[in-house]
Each structure stands twice: as C-alpha cells, then as structure tokens.
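Enquirer: Here is what each chain is made of, one letter per residue.
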Amino acid sequence: MPLIETRALNKRFGGLHVTNNVDLALETGEVHCLIGPNGAGKSTLFRLILGEHLPSSGAILFAGEDITALKSFQRIRRGMSVKFQVPGIFKALSVRQNLEIAMQHHYEPAHLAEEIDKLLAFLNLAADAGRLAGNLSHGQKQWLEIGMAISLKPRLLLLDEPTAGMSPEETHATGEMIQRLNADGMTVLAVEHDMAFVRQVAHKVTVLHLGKVFAQGSIDDIVANEDVAAIYLGQTTAHATAHQQPGGLHA
Amino acid sequence: MNALTRFLRRLEGPQTLGRGPLFWAGFLVTLAAACAYPLFSDGYTVGNTVYFFTWIFMALGLCLIWGYGGSLSFGQTAFFGIAGYSYGILTINFGAAYGFTFVALVFAVAVAALFAALLGYFLFFGRISGVFLGIVTLSVTLVLERFMAQTAGPEWRIGAARLNGFNGMSNMPPLTLPWPGGDIVLFPDVELYYVVLAMLVVVYLGLRILVNSPFGNVLVAIRENPERAEMLGYDIRKYQLGTFVIGAALAGLSGVLYTSWGQYITPSSMGMTAAALPIVWVAVGGRSDLTTTLIGTVTVLAVFQALTIHGSQYALVVMGVMLVLTVLLAPSGLIFALARLVARPFTKRLPGDA
Chain A
6 MPLIETRALN
16 KRFGGLHVTN
26 NVDLALETGE
36 VHCLIGPNGA
46 GKSTLFRLIL
56 GEHLPSSGAI
66 LFAGEDITAL
76 KSFQRIRRGM
86 SVKFQVPGIF
96 KALSVRQNLE
106 IAMQHHYEPA
116 HLAEEIDKLL
126 AFLNLAADAG
136 RLAGNLSHGQ
146 KQWLEIGMAI
156 SLKPRLLLLD
166 EPTAGMSPEE
176 THATGEMIQR
186 LNADGMTVLA
196 VEHDMAFVRQ
206 VAHKVTVLHL
216 GKVFAQGSID
226 DIVANEDVAA
236 IYLGQTTAHA
246 TAHQQPGGLH
256 A
Chain B
77 MNALTRFLRR
87 LEGPQTLGRG
97 PLFWAGFLVT
107 LAAACAYPLF
117 SDGYTVGNTV
127 YFFTWIFMAL
137 GLCLIWGYGG
147 SLSFGQTAFF
157 GIAGYSYGIL
167 TINFGAAYGF
177 TFVALVFAVA
187 VAALFAALLG
197 YFLFFGRISG
207 VFLGIVTLSV
217 TLVLERFMAQ
227 TAGPEWRIGA
237 ARLNGFNGMS
247 NMPPLTLPWP
257 GGDIVLFPDV
267 ELYYVVLAML
277 VVVYLGLRIL
287 VNSPFGNVLV
297 AIRENPERAE
307 MLGYDIRKYQ
317 LGTFVIGAAL
327 AGLSGVLYTS
337 WGQYITPSSM
347 GMTAAALPIV
357 WVAVGGRSDL
367 TTTLIGTVTV
377 LAVFQALTIH
387 GSQYALVVMG
397 VMLVLTVLLA
407 PSGLIFALAR
417 LVARPFTKRL
427 PGDA
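Protein chains in written order, with my numbering: chain A, 6 to 256; chain B, 77 to 430.
Derived by calculation from the structure, the hints in this document are not laboratory data.
Check before you lean on any hint, since a few could be wrong.
Chain A is nowhere near these chain B residues, computed Cβ spacing over 10 Å in every case [stated by the list, open to error]: (1) PHE116; (2) VAL212; (3) PRO230; (4) PRO254; (5) PHE263; (6) ASN293; (7) ALA297; (8) TYR310; (9) ALA378.
Mimicking DSS-like on lysine-lysine, the simulated pairs with C-alpha atoms at most 27 Å apart in a straight line are [as the list claims (entries may be wrong)]: (10) A/LYS158 <-> A/LYS209; (11) A/LYS217 <-> A/LYS76; (12) A/LYS123 <-> A/LYS158; (13) A/LYS158 <-> B/LYS314; (14) B/LYS314 <-> A/LYS76; (15) B/LYS314 <-> A/LYS96; (16) A/LYS76 <-> A/LYS96; (17) A/LYS123 <-> A/LYS96; (18) A/LYS217 <-> A/LYS96.
Partial list, computed: chain B residues near chain A (C-beta under 8 Å) [claimed, not checked]: (19) LEU80; (20) ARG82; (21) ARG86; (22) LEU87; (23) GLU88; (24) PRO97; (25) ASP118; (26) GLU231; (27) GLY235; (28) VAL296; (29) ASN301; (30) PRO302; (31) GLU306; (32) MET307.
Note that beta-carbon positions come from the ideal geometry of N, C-alpha and C, so glycine has one too.
Same shape as in the complex, but just chain A (with noise of 0.2 Å):
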C-alpha cells in the first residue's frame, strides 16, 4: 500500500486545467522528486496534498485513507510536515522558539528543551538559538523550517524547492540531510530544480508538465527522456545541461 496516493485529481481554476489526472504514488520509504517547467502544476499538486486546496475531482489517499476532504491541520496531524518554497518560519521570534512551537505538543514538557538542544545541534543552529529567526541567512532560514517540519516526526515530508537560493556546499549538505532522514524511515516528495540535488537523493522523478504526469522513473530515465528535454525550452538535451551546471534545468 502507497503512503501517499492521489487517484485522478483534478484542479480547475475557472477556465484553467492546473491539474490534470494526476496519479501519483510514493511507497514507505521512498525520496520522490517533482520536477517540470514553470506552471507545470507541481506546487498546485502539493497544495493538493496539504489540503491548502481542494480538488475539483479525484481522491488523495494516506496510508490507506481518503484524506481528500481533512483540513490542512487534520492531515499534518496523521503524520505529513512540508518545508515551503519561501521559508514559513516565525520571524519575528527567536530560533529556539520556532522550534518550540512546533514541538511542544510532540513531547514530555519536562524533556522538551533538551529535545529542542538536540535538533539545534542537528541543525547547526545551536549558536543561534536566541537569535531572532528573521535575522538568520537565507539557508540558516531553511534549515530550521526543514527543522520544523522533521520535528513533528512525519511519516511523509513535503518539500516545496529544499535549496532555493542555497550555495552549492548547503544544498549537498541538505541532501545529506534528506538522505539520513530516509535512511531512518522518513518518506519524502520534493519540488526540486537542481538536477544535482535530485541526482543525489532521488529514487524516482515524475515530470510534471501542463499539468499532468509527463514522464516517471529514474533519473537516468528521465534525464535521457529526449521529450523532457524538449518541454524544457532552450534546452538541446537536459543530460548534458544537468552535468555541465550544477544548478542547472532552471525551469
């Protein structure tokens, strides 16, 4: 059984066809990645999941259960966490504070700092932890959502573009991070445009396109789809952009 599944969902927005029966699948314990052009639908498709927005038709499905009418809360409750694009944390308090908020249902009052120290040090943040959150740099940002979203121990992890605006040392650090997160149990879909990225921690890529499935599999597969490269204007073939820049397939 699937941890995440989505049965033919469907988005409209008036006129337009955002989603467009999509089928999605992702086992236990799989790192999949979401890629495709600009208005591809990939952050549609992950407000879809989230519950953010609700399908025009078509199911999601979690561990088993139709989760396709839950609030966004409900659902985060069964065990989902996302890490946004633009980093959702609490700017105007301090580090530990947003580490705080998120935890502090998920344990024992008495052991909760120390839990927190713990993922401060995880983090690298543990020299931070009083500073105000808004004052971090952009990826010190990033991380500590990426620490926000993990501390709720999710089953399964969002992550909408995990290394926007990360130095090439951050975003391999970051998929480290991702790939020892795994290595313990943690099933993860990411948005993603680094081809590196997605070369280091994906199992399996799904492109996106005009809102529907285009092509899925490795991402040897996909890199040596000659169709993917072409939805990718400007682009002759996406296996030889992908090695000669890593940050590459810009979409």
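Once you've looked at the hints, dock chain B against the given chain A.
Expert: For chain B alone, kept in the frame of chain A given last:
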C-alpha cells in the same frame, strides 16, 4: 520541575516584557503604591480613578486579540455594551440582594462571551481576516449602537428594565458585596477601588501566564505566519476563536464595571468614537505586550481626562494625533519603545532584540 512551578514560571517568558527580580520588585512597589494610594487621597478622587481602571480590562483583551493574535478587532465596544446592558437588565429585574450583582456580573460577561463566540465562529471559520475582520467587527458595533438608540419607546423593555433608547439605561444597583453585619455597596469609592484593583492584578498575571503558555506560543505563531502555524498541525481557527472570546469577556468585564460604576450605560458606549478609542490606547502603549498596554492605557486615559477637564474641545483630536504619531514614529508603541530603551542595559532578550 512539577506542574505548579512550571505554571508559575510562565509569569515570565518570551511573550512578556519584564523578567527577573528587578522587574518583580518594580511590580510589587507599583502594587504597594496602588494599595496605599487611597490613604493619601479622598474617596471621590479614588472613585474617579476606578473609572480609569474599568477600561483596562477591555484594553488587555484587545492586546490579546490584536497584539498577540494579530487580528484587529473593533468589536471590543460591542461586547462592552452587551455586558453593560445585560448587567443592567439583570440587576434592575432581580435586585442586589444576596450578592446577586456578582452573579449578574458573571452572567453578563458570559452573555458577551457567548455573543463573541457566535460572531467569532462565523468570522474565523469563514476565514475572514485582516482588514475585513476590522470592517465586520466595526459594523457589528455600529449596528448594535443604532439598534439600542431606537429603543426609546415603552415597548422596549425586558421585565422591569426599560432600554430607553439614546438616553440609555440607568439606576441599576452598583456591585454589592454580601457581608455579615450589612452588605457593602461598592459605590465609586475606596472599597470598589480595592475590588477592581484585585481583579486587575489577577487578570494581568493570568494573562501573562496564558501568553507564555503553549497556547500563547501558538497565538504569536498565528500572528507571525498563520499558514506555517496550521502546517504544524494547529487548528488555528480554534485558537483565534478562543482568543477572541477571552478578549471579548474582558471587554464585557469592563462593560459591567463601567455600568455599575456610573449606574448608567448608553448606546454611545458602542459608537464610532467609543469603538476607536481602545485601538488608540493599545496602539499608543504598545499592543504586542501586556505591560506596555496596561501602562499605555492608563497614561492615555489620564491625558485624555486631563484635557477634557481643562475644557479642551480637542481631546479627541489629540487622541487621533497620538495614534498617527505612534504609527509613524514608533509602530510598536511609545511605551514599548521607551521601555526597550530603559530596559536594554538590564536584559538581554527582548522582543525585537533577542
């Protein structure tokens, strides 16, 4: 660390300004001064001071809803009026014997809270936020004012209580403490002062504990980023509604105290001017903290009163100017900016300076 000490430790925390022995020493000195004040004054003046105190509950409620929760509500005066009228209707009908005025106080506050729960349900679960929340709450307040203003006719009565239209309802009994050897009637005098002061201390400390609790954490999280708060698994609408109701209950408490203080309530207590004033008090003091709100409210009220007494027709204009200056020069509040300046050498972690 057991549960009680953990509870009391929440008197200070990241959501409240002021911590450590120095702050609490200052708090106790202020409280002692407030307790000693009637000894150095006369009953009439003390009674007038209570008038200031009655408004603070409403301001603290707005501080919670707006400063901590991030929802600007003009509805405080509506709940103020509802509770005030409810107190009048109850006590005019059932009298003041056997401490009933305090039962009426509880009922009147409950009516205001219930109304807030109904209104808030449709607002928050209808996902109305930002400026629209302000517009709807202001409209509700004004509708209530208009409605009460047209109840002059004799047909507008509930039991023995005439609503009396624009002239308002009067002659309800003041709060009355049952006491062996004769009830104590709390006219605007020293006794009422101590009762309201005690309520103020309890509410202030209780709110400090509330905002530093996990509930308060979620509240500021919603203010900072509602989407993120929901995506941490919080049903943010429930938190917003809960806050709205608590704030409304405090406004209701103000309404009851005001009504029993002056034995008088009119529709204009829910009018446009009345609805705007709490915003000014809270904004000028510093809406993001309970203490600055409290100090700010007392200060602004005192300035307002002084201007009015000395015959200035422009007291309201001055209020407006104060609001504009605050928004332009110190968006987090004048008292807040001042407190931060003074407190900087003493503390390391302040909101905005952590």
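Enquirer: For every hint, state whether the structure bears it out.
Expert: We went through each hint and held it up to the structure:
Non-interface call for B/PHE116 relative to chain A: holds, since the shortest CB-CB distance, roughly 42 Å, exceeds 10 Å. Residue placement check: B/VAL212 keeps its beta carbon more than 10 Å from all beta carbons of chain A (closest about 22 Å). Look at B/PRO230: its CB is around 50 Å from the nearest CB on chain A, clear of 10 Å, so calling it non-interface holds up. No Cβ of chain A comes within 10 Å of the Cβ of B/PRO254; the nearest lies about 41 Å off, and the non-interface call holds.
The claim that B/PHE263 lies off the interface holds: its Cβ sits roughly 45 Å from the closest Cβ of chain A, which is beyond the 10 Å cut-off. At roughly 5 Å from the closest C-beta of chain A, the C-beta of B/ASN293 falls inside 10 Å, breaking its exclusion from the interface. Distance check for B/ALA297 against chain A: the nearest CB is about 5 Å away, which does not clear 10 Å, and the non-interface claim fails. The Cβ of B/TYR310 sits about 6 Å from the closest Cβ of chain A, inside the 10 Å cut-off, so the non-interface label is violated.
For B/ALA378, the shortest C-beta to C-beta distance to chain A comes to about 30 Å, beyond the 10 Å cut-off, and the non-interface label holds. A C-alpha spacing of about 22 Å is found between A/LYS158 and A/LYS209, which places the hinted pair at or below 27 Å, so the restraint holds. At most 27 Å may separate the alpha-carbon atoms for a hinted pair to count; A/LYS217 and A/LYS76 meet this at roughly 25 Å. Restraint check for A/LYS123 and A/LYS158: the C-alpha separation of about 14 Å stays at or below 27 Å, so the hint holds.
Taken as a hint, the A/LYS158 and B/LYS314 pair is honoured in the structure, with Cα atoms around 24 Å apart against an allowance of 27 Å. Restraint check for B/LYS314 and A/LYS76: satisfied, since their Cα atoms lie roughly 13 Å apart, inside the 27 Å limit. The hinted pair formed by B/LYS314 and A/LYS96 meets the criterion: a straight-line CA distance of about 23 Å does not exceed 27 Å. A distance of roughly 25 Å separates the Cα atoms of A/LYS76 and A/LYS96; the hinted pair therefore holds under the 27 Å criterion.
For the hint linking A/LYS123 to A/LYS96, the alpha-carbon distance of about 21 Å falls within 27 Å, and the restraint holds. Note on A/LYS217 and A/LYS96: the hinted pairing is violated, with a Cα-Cα distance of about 36 Å set against a maximum of 27 Å. Because the smallest distance between the Cβ of B/LEU80 and any Cβ of chain A comes to about 13 Å, over 8 Å, the interface hint for this residue is violated. Evaluation of the B/ARG82 hint against chain A yields a held restraint, the C-beta minimum of about 6 Å falling below 8 Å.
With a cut of 8 Å, the hint placing B/ARG86 at the interface with chain A is violated, because the nearest CB-to-CB distance is about 11 Å. Hint status for B/LEU87 relative to chain A: violated, with the closest Cβ pair at about 16 Å, above 8 Å. Evaluation of the B/GLU88 hint against chain A yields a violated restraint, the C-beta minimum of about 14 Å exceeding 8 Å. The beta carbon of B/PRO97 is not positioned within 8 Å of any beta carbon in chain A (closest approach about 21 Å), and the interface hint is therefore violated.
Because the closest C-beta pair between B/ASP118 and chain A is about 46 Å apart, greater than 8 Å, the hint is violated. Restraint check, B/GLU231 versus chain A: the minimum CB separation of about 46 Å is more than 8 Å; hint violated. Against a cut-off of 8 Å between C-beta atoms, the interface hint on B/GLY235 is violated, since the closest Cβ of chain A lies about 44 Å away. Nearest Cβ of chain A to the Cβ of B/VAL296: about 6 Å, under the 8 Å cut. The hint holds.
Hint status for B/ASN301 relative to chain A: holds, with the closest Cβ pair at about 6 Å, below 8 Å. Annotation: B/PRO302 was flagged as interfacial toward chain A, and the flag is violated, the nearest CB pair being 10 Å apart, outside 8 Å. Hint status for B/GLU306: holds, given a least beta-carbon distance of 5 Å to chain A, under 8 Å. Using the Cβ-Cβ criterion of 8 Å, the hint placing B/MET307 at the interface with chain A is satisfied: the shortest such distance is roughly 5 Å.
Of the numbered hints stated above, those contradicted by the structure are hints 6, 7, 8, 18, 19, 21, 22, 23, 24, 25, 26, 27, 30, listed in ascending order.
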